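Asker: This is what each chain is made of:
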Amino acid sequence: MNMAIVSDIFTIAAVSAGAFFFLAGTVGLLRFPDVLTRLHALTKADNLGLGLVVLGLLPRTDGLLSALKLISIWLLVLLGGGIITQLIATSARRGGPPE
Amino acid sequence: MTTATAFNLGLAVLVMVLACWTVLARGAFAATVGFVAYGLLLAFIWIRLGAVDVALTEAAIGGGLSGVLMLGAAARLRASEALIAAETIAAGRRLWAAALSAVTALALVTSVLLLPDPAPTLAPAAAENAAATTLGNPVTNVLMAFRALDTMLEKVVLLLALVGVWSLGPDRFWGGRLGPRHRVDPEGMLVFLAQLLPPAGVVVGIYVFWVGANAPGGAFQGGTILAAMWLLAMMAGLTDTPPSGSRRARLVLVAGPSAFLIVGLGGLWLGEAFLAYPLAYAKALILGIEFAMVPTIAVTLGLLLAGPPDRSAQS
Amino acid sequence: MSAMIIFAICAAAAVGLGLFGVITNPHPLRKILSFNILGSGVFLIFGIVARRGAAAGFGGDPVPQALVITGIVVAISATALAVALLLRLFEATGSVTLRADASADTSEDRAAP
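Protein chains in written order, with the numbering used here: chain F, 1 to 99; chain H, 1 to 315; chain W, 1 to 113.
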């Protein structure tokens, strides 16, 4: 009984924190002045936001394999997001596509 | 209002806003970005409707591959937008178009509300006959056993579209390599991603195909992931597109429909009807056809996105 | 089934918006995008029908779901062909207009090999 309540509270806390970071990232996307700062805001949503959501969902998985799958999803999003951010930033620094 | 209903409502509103954005945005690039986001959120709606296989397909094909196709086209057509803006239709006609669209939408909502209750369904029939193939995923059962003819013809449609795309290249390049040669900084980030991601992606793709026998997944979803990995390697310049005249590529392309056709004719000759699987071998035959289908789907989708032959085979 | 009404409105909106986009957008690429939205709205209606057919322990009727998967694959092959045609039109004539009377140089390929 106790463990269930503790794990529920942990899930709610972690997912809410993750949602907060997503919100912060979106506000940054909409309010920051230029491409590089917006990318900076988005990476926070990707890394911390998704990481916290995945962390919060880990107690709800049934088994080690599902937990590993969730973590690998987070790692793949990190990889893809990081590389895409670099590519966009390089292109933006060089003048970027016309608006 | 329960949480589930509130979530559905929020999701539906978001998707409608994105659809508006795609249709009404200024500029093809903005519209395409909206379309990709729309495709990905649509996958959520599919999950809410309980169709996880369709959600996977929509995310992979509708969001991913369509997005790549449209983004590439929007980039290459940037110069055309100024010219075409002069052909915007008059405000009066736009009003008529809006009225027509509203009437169509209203008619659709009314028809959905008037659907018979209890709904006629083929789920019991699918459940009864599931023992014939001993596969656990009912959608795979339908795709590969009960409506296998549709799937076979769909393979042929993919091939026809590919031949159509190939026929758009200049005559002198028939049989040549497809699309432009991508020249990318070999020390750059894209090459890094293309070296790191495809191994994981290929494993994920094969897993999604393999697990489709008993859980959501399947040949189309897995094949699309494999195609995406190949496209990534092509776009990073790590590998070049195959020449459209290459015998090996053509063999892989026809492997899927041929496997279907062979099994189908076997069913006609040795069994009761075209594509009738003998019960003892049903699962083995289905897996065999899928093994031939997945490379075909991957290669066909990859080549569809690579474009028509634009270079000679030796370049 | 209030969830169905919400998604039915969403599907109908997608169909309506897609139809509007096909008719009013002059740029063929935007037409193709709108056509895809129209198609996805139709698929959603299939999905609603499938969901309503939940029975025999399944969450939804698997036959419409399989039809939608087939439809999505056919839609992207049609889209790929349409985009290839559009790019070829642009290469050959330098503009994407679909008007027959537009003055365009269609005799020679303008693109260099």
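The hints are simulated quantities; they were obtained by calculation from the structure and are not laboratory data.
If you're wondering where the values come from, they're calculated on a predicted model, not measured in any experiment.
A few of these clues could be false.
From chain H, some residues computed to sit far from chain W (all C-beta separations above 12 Å) [stated by the list, open to error]: (1) Thr32; (2) Phe192; (3) Arg250; (4) Trp269; (5) Gly271.
Only some residues are given here: those of chain W computed to face chain H with a beta carbon under 10 Å [claimed, not checked]: (6) Ile5; (7) Gly57; (8) Ala100.
Backbone N, C-alpha and C fix where the C-beta goes; we use that ideal spot for every residue, glycine too.
Asker: Quick one: work out the minimum CB distance from Phe192(H) to chain W and report holds if it exceeds 12 Å, violated otherwise.
Answerer: 28 Å, holds
Asker: Examine each Cβ of chain W, and state whether all of them lie more than 12 Å from the Cβ of Gly271(H).
Answerer: 22 Å, holds
Asker: Against chain W, does Arg250(H) hold up as non-interface, every C-beta pair farther apart than 12 Å?
Answerer: 17 Å, holds
Asker: Is the claim that Trp269(H) lies outside the interface with chain W correct, judged by CB distances over 12 Å?
Answerer: Nearest chain W Cβ is 26 Å from Trp269(H), so the label holds.
Asker: Interface hint check: Ala100(W), Cβ to nearest Cβ on chain H, cutoff 10 Å. Holds or violated?
Answerer: Interface hint status for Ala100(W): violated (13 Å vs cutoff 10 Å).
Asker: Taking 10 Å as the limit, does the beta-carbon of Gly57(W) come near enough to a beta-carbon in chain H?
Answerer: 6 Å, holds
Asker: Could you check that no beta carbon of chain W comes within 12 Å of the beta carbon of Thr32(H)?
Answerer: 7 Å, violated
Asker: Given Ile5(W) was flagged as interface, is its beta-carbon under 10 Å from a beta-carbon of chain H?
Answerer: 7 Å, holds
Going through the hint list in order, the structure does not satisfy hints 1, 8.
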